[in-house]
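Student: Given the coordinates of chain A, work out where chains B, C, D, E and F should sit on it, guided by the hints.
Protein chains: 6
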Amino acid sequence: VKPLVVVNPNRADLETVDALGRLGVATVHEAIGRGGLLGTHLRPLWPGATMAGTAVTVLCPPGDNLMVHVAVEQAKPGDVLVVATSSPCSDGLVGELLATALRVRGVRGLVIDTGVRDVATLREMRFPVWSRAVSAQGTVKASAGSVNVPISIGGTVIGPGDAVVADDDGVVCVPREEAAAALAAGRARVEREQASRAAFAAGELSLDRYGLRALLETLGVSYVDARDRERR
Amino acid sequence: VKPLVVVNPNRADLETVDALGRLGVATVHEAIGRGGLLGTHLRPLWPGATMAGTAVTVLCPPGDNLMVHVAVEQAKPGDVLVVATSSPCSDGLVGELLATALRVRGVRGLVIDTGVRDVATLREMRFPVWSRAVSAQGTVKASAGSVNVPISIGGTVIGPGDAVVADDDGVVCVPREEAAAALAAGRARVEREQASRAAFAAGELSLDRYGLRALLETLGVSYVDARDRERR
Amino acid sequence: VKPLVVVNPNRADLETVDALGRLGVATVHEAIGRGGLLGTHLRPLWPGATMAGTAVTVLCPPGDNLMVHVAVEQAKPGDVLVVATSSPCSDGLVGELLATALRVRGVRGLVIDTGVRDVATLREMRFPVWSRAVSAQGTVKASAGSVNVPISIGGTVIGPGDAVVADDDGVVCVPREEAAAALAAGRARVEREQASRAAFAAGELSLDRYGLRALLETLGVSYVDARDRERR
Amino acid sequence: VKPLVVVNPNRADLETVDALGRLGVATVHEAIGRGGLLGTHLRPLWPGATMAGTAVTVLCPPGDNLMVHVAVEQAKPGDVLVVATSSPCSDGLVGELLATALRVRGVRGLVIDTGVRDVATLREMRFPVWSRAVSAQGTVKASAGSVNVPISIGGTVIGPGDAVVADDDGVVCVPREEAAAALAAGRARVEREQASRAAFAAGELSLDRYGLRALLETLGVSYVDARDRERR
Amino acid sequence: VKPLVVVNPNRADLETVDALGRLGVATVHEAIGRGGLLGTHLRPLWPGATMAGTAVTVLCPPGDNLMVHVAVEQAKPGDVLVVATSSPCSDGLVGELLATALRVRGVRGLVIDTGVRDVATLREMRFPVWSRAVSAQGTVKASAGSVNVPISIGGTVIGPGDAVVADDDGVVCVPREEAAAALAAGRARVEREQASRAAFAAGELSLDRYGLRALLETLGVSYVDARDRERR
Amino acid sequence: VKPLVVVNPNRADLETVDALGRLGVATVHEAIGRGGLLGTHLRPLWPGATMAGTAVTVLCPPGDNLMVHVAVEQAKPGDVLVVATSSPCSDGLVGELLATALRVRGVRGLVIDTGVRDVATLREMRFPVWSRAVSAQGTVKASAGSVNVPISIGGTVIGPGDAVVADDDGVVCVPREEAAAALAAGRARVEREQASRAAFAAGELSLDRYGLRALLETLGVSYVDARDRERR
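Chains as they are written, first to last, in this note's numbering: chain A, -11 to 220; chain B, -11 to 220; chain C, -11 to 220; chain D, -11 to 220; chain E, -11 to 220; chain F, -11 to 220.
Keep in mind that the hints were calculated from the coordinates and are not lab data. Don't take each hint at face value.
[As the list claims (entries may be wrong)] Heads up, simulated BS3-like pairs for lysine-lysine below, C-alpha to C-alpha not over 30 Å straight-line: (1) A:LYS129 to E:LYS129; (2) C:LYS129 to C:LYS64; (3) C:LYS64 to C:LYS(-10); (4) B:LYS129 to F:LYS(-10); (5) F:LYS129 to B:LYS129.
None of these values were measured; they are calculated from a predicted model.
Looking at chain A on its own, in the form it has when it is part of the complex (with noise of 0.2 Å):
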């Protein structure tokens, strides 16, 4: 576990992310699967933030943000930055000057398993961040990590060049390679749905239209009126 920094990864392609994000995270997540989410504690900065990406991946030491440093270099348009550490962190590793660095490399956003500070011009500038804390405690800058290699957040191990999507839903990664299936599963999805969102809007039960009544029925699930119940 050599501190590395790999260069030039390759990435997902960005119009296909893009379409991605349209789709929103509840979808994608969906279209791949049920997988790829990064956990319920990474919240947006503020309401109705979305964005979409690919992954440049930075691991950390706890309470260190060295390596964020290292990865604004490494940084291209289109990009997002996923920062996790080797150990729990809630320390404000990334505040408004190093989002104002991102920035100018064409970063859309950031997402950290850790803190963030600064969060009051982080939200003027409209740089979009999803965090597990906000924390005004500083960091320093003395211990080796990695940028561009594997790491995971919340059970899901993402990986430079993967598309990353994030809205008020979370956070969802879809690995570079599956981008496309994930584009096609996901469209085909939000088509089956709004034909079910119409027929709710109709006053169809879902009961009927996924057939559950079976199902409740083999389950042993009993109806009772509750004016019979209160009688015995």
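Tutor: Below, chains B, C, D, E and F alone, put in the same frame as chain A:
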């Protein structure tokens, strides 16, 4: 503990429930002897959301929303859905499609001890939700549960037809039979508080208004001037 | 550990405190050597809230707000209330009525390591609060505590009269005697950061500006091109 | 929600409760349709502790153990005390003195959704306790609560006289009226499990014994040899 | 908040501290007015561990144990090390080697608001530790902190030379100047409790012994027989 | 992210794995550059449990143990099962029956990021388990997952065939290809530590042995005598 759907439970009087809603969660909680709260972990989807209605209760296995679909059919105008799981769960059991189906039935909102998803859309729809988490994690429809049986969240038991009031302060449940008494007690409290508010705004100290100085003496609280302390 | 109310504690100079408030939490935290933070669990009632003042400290038993009423009398214009409990508590120790009483005394806001309630009204009043939770849970007035003794929140000791600054990034406390030095150090830091911000906006890399490349070499961080890796 | 002490509630048959205790928590939980668990946060004071009895339920305000003293008088041989609070609490509501008083009344042990103290002595006494925490924090006797009303812990409702079984796996509650049925179902399950245990010990695979291979195919689970993967 | 090592602080009288240790944590906590506890999150490495001594306080940056090495030199026979960090940390700041070094200096044990490692060896050495976590995560020696300045854990301030008592119930700190008074109050409490214990063992009810029946009536607690309730 | 069972993955050399097990978790973690830990939330079923083996990885949907049954067939002598779920889960996915089946296959133990049950029996069997929780909560066998694909726990990626070492300090994973290098580095570290242990036992200070006094001066740590402070 057989899976059971209870049809047509008695419900608290809706006018009474609406009046409780106007009192707000803190007042209703006090009016019923400091009870009925569902826990600080349930938060509204947007600041300022408010809701009052009669409970349709749902007990789901974790990660399974089959019984929410069953509950849609049992819901009537004025109801709110209250969903618990048989073991801890943060998955997104309800999203935009179910919200659409619930709204068509006249359901006023949702209290759910798991996650929800499509929250940007839920906010646009102004469909009020109090939940433990936001999570895109999808669920299955595979196992049985119950509808309109007593459930519990945060140590409070919620029965079908109980009055549920929710606002920025959280969620409170009033047993159906106690709704009218709660309303009377709550209104009395509001009047008392209006007098106190005016007094405090005019500069009266609560120590005097509530007669607390004698209690402080009984409890042995002593006053000392900082300047005397330093002199020693 | 006798219950004690200390009257007339010395307070940090209010002009200095106001100037610290303009620097913001992150800068003040750095200026005092990365200290003084009260923990990421304290969150503001609304985004963008800011506050600075001199501390009136309150130590309550859990679930008991008697000493908050005592503290109201001790408060002066420019103060902020800082409330801790002797064992963990999330109950709503402060609500709209106490906020009204505090505002009349010139108190600028509240930092509280428990819950608050009536938060919709507190937001309307624009009475700034940083709290551990929102909770409608009512409290009693039955047991003794202390006012204006040293308390601690999140590992930081807060003394009466200390400077307290709070914003979206959290809450920081500066010991009364160190307020002036903190202001000087903070202002110097702001100047340094302005130069860095301009440099980053102009495209300079922080690796170069901070001279980090030598450190990376010392730490054994190696660079490898992804295309070379795959070839092997 | 008036404070209430219910005297002489019906209790589950003690022989049945004892037999449920011999089945253990996991088996009883399965026997009642995977229900009744009080949550993984309740842990025994020592490994290997076991207990079964009929519930005397206690609802206390947080930080106040007055109603536990009331419950002592209501307890009979074969009972176990089950204590919840109206808002979250980890204080030490019960210690050695109350355990002594409970044991004299024939109480078999304690389930408590707060802390306990004097735990070294409780272990020496072999007085079994399942609690949320160990805490020396003392409590007051100042506010009302109830005894032998339905309470809930971890989402499970516990009524007076219900059967409570506890062991290393946690705590399970069986409604009084369902105790006999639960015993029958549990015994049937034990027999089935003994056959499976013998089969597995003899090397039979559960995939075969439970007929799961067809399900895997339906679910689209595919097998691939690692050596074939690498060749590609 | 300059980094500082205070040499030769006054220490509480060791005979008094030893006597406090014999009283135990719960009694000492009560004797000082229900204060001084360091939180339920600190747990001993083995059941039955006990410890009493005078505090050497250590404030470390998270993930950095440099100041623990500094503290070793400041320790004297009869001391216990009490370690906090300036932001939350669960890393293993202390292991077997430091424990060996501490024991040689006559240090009796460790209270640490982070993790420890080599715990199997620490148990064999019978070196008592109360910690927030067990963690093998290694640390650096890179940043400054302080020794023998006031620190705080779980809301309690610990000063150098304070009396620290720890057992299965947790950890309590008594300010150096109050140690003698705490011992006297604790001994009086032990006597009172012995009388109560004997009374309870003989069957007296605490309701009677503590005169609680009048309070129950004042609080409006009513008694009802379950058989009367059902008849209605 | 199709459900997949990978058959016959390469495994780390078992003699090397056994030797890593003798080094222990803390040493192995340091030997691979302070990496590989699976998190402090995973605790052993009994103090003193130790285990080393090659990973069979299992990815389950929450509340569903179907894939554990699949994994039994893939296990070989010397393996350990490592189980993660696709969203957070504390249910009892593994109990005595599965442990029996695993032991018959030569599996040495279990690391599981959910709950386990029948823990009294597992302890009697001396089947070592590191888990997030103890939970009697039963599970279903209804949804697909994967076996022997890379999974992650606590931010660490575990691949099939990787070396897993577990003891009282937690669990560490060494990538298959790095096992031999980790063993060499770990052995070198053990030797260095033996020399330090002897030196510390003989009274040498770590400040001197590690040459830390110069660092303290660089960092601006100043020493002051308490008696001088008071005089001022």
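Student: Take a quick look at whether LYS129 (chain C) and LYS64 (chain C) sit within 30 Å of each other, Cα to Cα.
Tutor: At roughly 23 Å apart (the allowed maximum being 30 Å), LYS64 (chain C) and LYS129 (chain C) satisfy the hint.
Student: Assess, step by step, whether the Cα of LYS129 (chain A) is no farther than 30 Å from the Cα of LYS129 (chain E), and give holds or violated.
Tutor: holds, 13 Å
Student: Does the structure keep LYS64 (chain C) and LYS(-10) (chain C) at a Cα separation of 30 Å or less?
Tutor: Distance of about 24 Å is within 30 Å: holds.
Student: If you draw a straight line from the CA of LYS129 (chain B) to the CA of LYS(-10) (chain F), is it 30 Å or shorter?
Tutor: holds, 20 Å
Student: Taken at face value, is the distance from the CA of LYS129 (chain B) to the CA of LYS129 (chain F) at most 30 Å?
Tutor: Judged against 30 Å, a Cα distance of about 13 Å means the pair holds.
Violated hints are absent here; each numbered hint is respected by the structure.
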